[in-house]
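A.B. asks: Residue numbers (the numbering used here), protein chains in the order written: chain A, 127 to 584; chain B, 127 to 584.
Fair warning: there could be bad hints in the mix.
Put simply, identical chains are the same to the list, so a pair is met inside one copy or across any two.
Unchecked claim - In silico SDA-like links for lysine to any residue, alpha-carbon gap of 25 Å or less:
{"#": "1", "residue 1": "482", "residue 2": "424"}
{"#": "2", "residue 1": "202", "residue 2": "450"}
{"#": "3", "residue 1": "202", "residue 2": "579"}
{"#": "4", "residue 1": "202", "residue 2": "326"}
{"#": "5", "residue 1": "202", "residue 2": "580"}
{"#": "6", "residue 1": "202", "residue 2": "333"}
{"#": "7", "residue 1": "202", "residue 2": "338"}
{"#": "8", "residue 1": "482", "residue 2": "436"}
{"#": "9", "residue 1": "482", "residue 2": "498"}
{"#": "10", "residue 1": "202", "residue 2": "309"}
{"#": "11", "residue 1": "202", "residue 2": "315"}
{"#": "12", "residue 1": "202", "residue 2": "337"}
{"#": "13", "residue 1": "202", "residue 2": "305"}
{"#": "14", "residue 1": "202", "residue 2": "316"}
{"#": "15", "residue 1": "484", "residue 2": "425"}
These are calculated hints, taken from the structure and not from any lab test. Bear in mind the structure is a predicted one, so any value in this text is a computation, not a measurement.
Number of protein chains: 2
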Amino acid sequence: MSLTHGRRPLVFNAFLTNTVSHIHHGMWRHPDSRQARYTELELWLDLARTLERGHFDAIFFADTLGPMDVHEGGWKTSVRQGLQIPSGDPVVLLPALATVTEHLGLVATSSVAAEHPFVHARRFSTLDHLTGGRVGWNIVTGTRRSEARNLGHDDAAPHAERYAAAQEYAEVVYKLWERSWEDDAVIRDRESGRYSDETRVHAIDHVGPRYRVAGPHLAEPSPQRTPLIFQAGSSPAGRDFAARHAEGTFIAAHDPHSAAEVTADVRRRAVAHGRQADDILFIQGLTFVVGDTETEALARSAEIDEWLSDEAMLAHMSGTIGVDFAAIDLDRPIGDFTTERTQGIVAGLAAAAPDKSKTFRELTRWAWSQRVVGTPEQVADSLERWRQAGVDGVNVIYISLPGTYADFIEHVAPVLRDRGLMQREYRPGTLREKLFPGRGPRLPRRHPARQVTIAAAG
Amino acid sequence: MSLTHGRRPLVFNAFLTNTVSHIHHGMWRHPDSRQARYTELELWLDLARTLERGHFDAIFFADTLGPMDVHEGGWKTSVRQGLQIPSGDPVVLLPALATVTEHLGLVATSSVAAEHPFVHARRFSTLDHLTGGRVGWNIVTGTRRSEARNLGHDDAAPHAERYAAAQEYAEVVYKLWERSWEDDAVIRDRESGRYSDETRVHAIDHVGPRYRVAGPHLAEPSPQRTPLIFQAGSSPAGRDFAARHAEGTFIAAHDPHSAAEVTADVRRRAVAHGRQADDILFIQGLTFVVGDTETEALARSAEIDEWLSDEAMLAHMSGTIGVDFAAIDLDRPIGDFTTERTQGIVAGLAAAAPDKSKTFRELTRWAWSQRVVGTPEQVADSLERWRQAGVDGVNVIYISLPGTYADFIEHVAPVLRDRGLMQREYRPGTLREKLFPGRGPRLPRRHPARQVTIAAAG
Numbered sequence: 127m128s129l130t131h132g133r134r135p136l137v138f139n140a141f142l143t144n145t146v147s148h149i150h151h152g153m154w155r156h157p158d159s160r161q162a163r164y165t166e167l168e169l170w171l172d173l174a175r176t177l178e179r180g181h182f183d184a185i186f187f188a189d190t191l192g193p194m195d196v197h198e199g200g201w202k203t204s205v206r207q208g209l210q211i212p213s214g215d216p217v218v219l220l221p222a223l224a225t226v227t228e229h230l231g232l233v234a235t236s237s238v239a240a241e242h243p244f245v246h247a248r249r250f251s252t253l254d255h256l257t258g259g260r261v262g263w264n265i266v267t268g269t270r271r272s273e274a275r276n277l278g279h280d281d282a283a284p285h286a287e288r289y290a291a292a293q294e295y296a297e298v299v300y301k302l303w304e305r306s307w308e309d310d311a312v313i314r315d316r317e318s319g320r321y322s323d324e325t326r327v328h329a330i331d332h333v334g335p336r337y338r339v340a341g342p343h344l345a346e347p348s349p350q351r352t353p354l355i356f357q358a359g360s361s362p363a364g365r366d367f368a369a370r371h372a373e374g375t376f377i378a379a380h381d382p383h384s385a386a387e388v389t390a391d392v393r394r395r396a397v398a399h400g401r402q403a404d405d406i407l408f409i410q411g412l413t414f415v416v417g418d419t420e421t422e423a424l425a426r427s428a429e430i431d432e433w434l435s436d437e438a439m440l441a442h443m444s445g446t447i448g449v450d451f452a453a454i455d456l457d458r459p460i461g462d463f464t465t466e467r468t469q470g471i472v473a474g475l476a477a478a479a480p481d482k483s484k485t486f487r488e489l490t491r492w493a494w495s496q497r498v499v500g501t502p503e504q505v506a507d508s509l510e511r512w513r514q515a516g517v518d519g520v521n522v523i524y525i526s527l528p529g530t531y532a533d534f535i536e537h538v539a540p541v542l543r544d545r546g547l548m549q550r551e552y553r554p555g556t557l558r559e560k561l562f563p564g565r566g567p568r569l570p571r572r573h574p575a576r577q578v579t580i581a582a583a584g
Numbered sequence: 127m128s129l130t131h132g133r134r135p136l137v138f139n140a141f142l143t144n145t146v147s148h149i150h151h152g153m154w155r156h157p158d159s160r161q162a163r164y165t166e167l168e169l170w171l172d173l174a175r176t177l178e179r180g181h182f183d184a185i186f187f188a189d190t191l192g193p194m195d196v197h198e199g200g201w202k203t204s205v206r207q208g209l210q211i212p213s214g215d216p217v218v219l220l221p222a223l224a225t226v227t228e229h230l231g232l233v234a235t236s237s238v239a240a241e242h243p244f245v246h247a248r249r250f251s252t253l254d255h256l257t258g259g260r261v262g263w264n265i266v267t268g269t270r271r272s273e274a275r276n277l278g279h280d281d282a283a284p285h286a287e288r289y290a291a292a293q294e295y296a297e298v299v300y301k302l303w304e305r306s307w308e309d310d311a312v313i314r315d316r317e318s319g320r321y322s323d324e325t326r327v328h329a330i331d332h333v334g335p336r337y338r339v340a341g342p343h344l345a346e347p348s349p350q351r352t353p354l355i356f357q358a359g360s361s362p363a364g365r366d367f368a369a370r371h372a373e374g375t376f377i378a379a380h381d382p383h384s385a386a387e388v389t390a391d392v393r394r395r396a397v398a399h400g401r402q403a404d405d406i407l408f409i410q411g412l413t414f415v416v417g418d419t420e421t422e423a424l425a426r427s428a429e430i431d432e433w434l435s436d437e438a439m440l441a442h443m444s445g446t447i448g449v450d451f452a453a454i455d456l457d458r459p460i461g462d463f464t465t466e467r468t469q470g471i472v473a474g475l476a477a478a479a480p481d482k483s484k485t486f487r488e489l490t491r492w493a494w495s496q497r498v499v500g501t502p503e504q505v506a507d508s509l510e511r512w513r514q515a516g517v518d519g520v521n522v523i524y525i526s527l528p529g530t531y532a533d534f535i536e537h538v539a540p541v542l543r544d545r546g547l548m549q550r551e552y553r554p555g556t557l558r559e560k561l562f563p564g565r566g567p568r569l570p571r572r573h574p575a576r577q578v579t580i581a582a583a584g
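Produce the entire structure from the sequences given, and follow the hints as far as they go.
C.D. replies: Listed below in structure tokens is the structure:
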């Protein structure tokens, strides 16, 4: 990375799901939280306005299509706790948010397992048009058994198969977005009555192991053509997919040191695939708990712990790791688990935990939230360290919705701006131009989306 | 129908697609038309505001997933003319329109062939939440070869198979919408920390010939649970599907007499399926060309004919009927075609045409638009006749977007209101309560959506 790269402001996204409780389970009960009103448009419109006022780069919606169902052998705990269920489709929130914002990036997850690529391609072209080029797509492949069972399968496909499917899916949508309509195909010639030059619009005639798609793409080219592409993969195959395709990748490193390892590895893989190291932005998930003094911040953090639901935090951990921790003794130190049945998994978590004397309860609270606790200045110091480790931005995890973002913008953002860590104003143009200034609205030619080919005829 | 039924105001929907040119092809070139800006949010927001100001009941988006490709043996004419291509996804327009309206119904087409029912069910639940219960779903089964070829098939499935698939699809989404979450499942109990009562949320465990869906539904019950259901089927199987499922059905009768035949037939079928005759609203597609005098209206109609593109109107007719009319002599009277290769089809059209001396050109202009030409009073007289024939409402086809609707609201609506043909204000409640006053927000128990069952456990 160049020195100037290290001094660019970080990217700030609000990191959410369209649900009651995303990560800090139990917080929906807090009197200040509006999370239980997630079905109402006004919550999201307010949030989008707040984020744009605070010059956040984007709002980023994670999503899943099946509940976590490992804790106590099923999904009942998830339902009881509002643990990412009930939930709503995130994609249909984006056009509503576009009506009250002008610059905010609008990023939603859409699963390769759930949507046909032809239909998905038109939907995201439409969103890119309606938002003036502010849309991002977070590609996921569907990892949960519960998702698979909602979509006609017995279990999630094996890892390699999912990434092979995602690879072909990407090729199909790239052909539709990048090759079906030439740049000058839409002429809107009122004299001759030709809306499009039909000689410059092409079928894609994709025939692959999983998909057959004739085309042409139904949508005319949108400002970005291909929406900004996010992908988060932590396995070797996932990292490789991100290295090939992603313009932004969400990471959940335990500390700047391990973030440096991931970013270096994925950037190296990207270069091996003919891309540039700075073609990918690494966005670290972090939670901020801030006070005027460190003591105040620590007191707030302790208060949050009181609100958290142990059962839901444990169910989230069980669901993510795939081991039912329902019967575990939450008050035992992590270090004690080395001889248990679950020792491999717990030991893995313990290895990442800085302090082996912490209890399992503390681990569940700490594992998914990456809490940064301190004064605004201490937060800025922490973010400097993340930036030095090669991180380009932060997915800000909420504790309380929408209060977390309002507080961050009021108390932390001014300090970050003074330190050059957060943008003061939006750059012009599409989301891609805002995040990769000077490169134009489209993907660079070295990206695989620009390298797909279709037969010349038709 | 009761006498009072015959005196209820008609339902008025704006009938559109998210595209350049829906039915009156060539009109996009007119200086007053904004159709060529269909990719911009502002056009649709303006239109929605206009429609709500004029107390239209709903905005109704038709859709297809493949271009018309019969004329000259392919889709090039469609692309050249902007004939429903390029197009955008209509579903993602709805949440944007919800932000600028309070009462307007928001109806979009979504195809059984294109969307998985589990994903579709959550998307429409989300829309119903975000809009406060104003969403309708127009069920289509996918009839075009070009659609099929975009979705992995060689051709559209046979008619009976498509309706069998639609039947199972409806069962799956009904189970998710109506049975997965009991009415009192969502408790939001901040004291106990239970968002939902997990004993009242159920898997659906649907196993059928086409779909296997475990559930539970991801979304909590929305105001209408099942969105208002539209379906337009003209074949016997289509009429039967409408009779079972539809709350609104779009018809394109040539005159009130044939409308009376359709409405009576479908209502009879509905009663045979255990529904009431007035459980289905029949919405006739009509185009209005209005002047202060009949002479002025006729002159406007002639002016519209001048703007229409013969090539595109013919391509639309070729695409709909499935016969390439590219080489036909547009100036020959319809009556002359009785000995041609295409005689069966043309004779069918000619039989429906009131005047056999009309030319083929006149037929293409007349066939899809059902033009009513006259003064506002003459339009009201015409609508009285449609209402007497059992029609409950009108899908108003645009000539120019958004001018058609603004003109209708300014010049025709006041006369219709004076005659009791159009509502003066919105009724309270969801779209279903607005269209079926006094029945509550949910489907009646006699509807098949309320009669699906799931296993009691889980």
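A.B. asks: Now, for every hint given, state plainly whether the structure supports it.
C.D. replies: So, going through the hints one by one against the coordinates:
no. : hint        : in the structure
1   : 482 <-> 424 : within (20 Å within a copy, 87 Å between copies)
2   : 202 <-> 450 : within (13 Å within a copy, 58 Å between copies)
3   : 202 <-> 579 : between (48 Å within a copy, 21 Å between copies)
4   : 202 <-> 326 : between (54 Å within a copy, 10 Å between copies)
5   : 202 <-> 580 : between (48 Å within a copy, 18 Å between copies)
6   : 202 <-> 333 : between (42 Å within a copy, 22 Å between copies)
7   : 202 <-> 338 : between (39 Å within a copy, 21 Å between copies)
8   : 482 <-> 436 : within (19 Å within a copy, 79 Å between copies)
9   : 482 <-> 498 : within (19 Å within a copy, 81 Å between copies)
10  : 202 <-> 309 : between (51 Å within a copy, 17 Å between copies)
11  : 202 <-> 315 : between (59 Å within a copy, 16 Å between copies)
12  : 202 <-> 337 : between (36 Å within a copy, 24 Å between copies)
13  : 202 <-> 305 : between (46 Å within a copy, 16 Å between copies)
14  : 202 <-> 316 : between (60 Å within a copy, 18 Å between copies)
15  : 484 <-> 425 : within (18 Å within a copy, 85 Å between copies)
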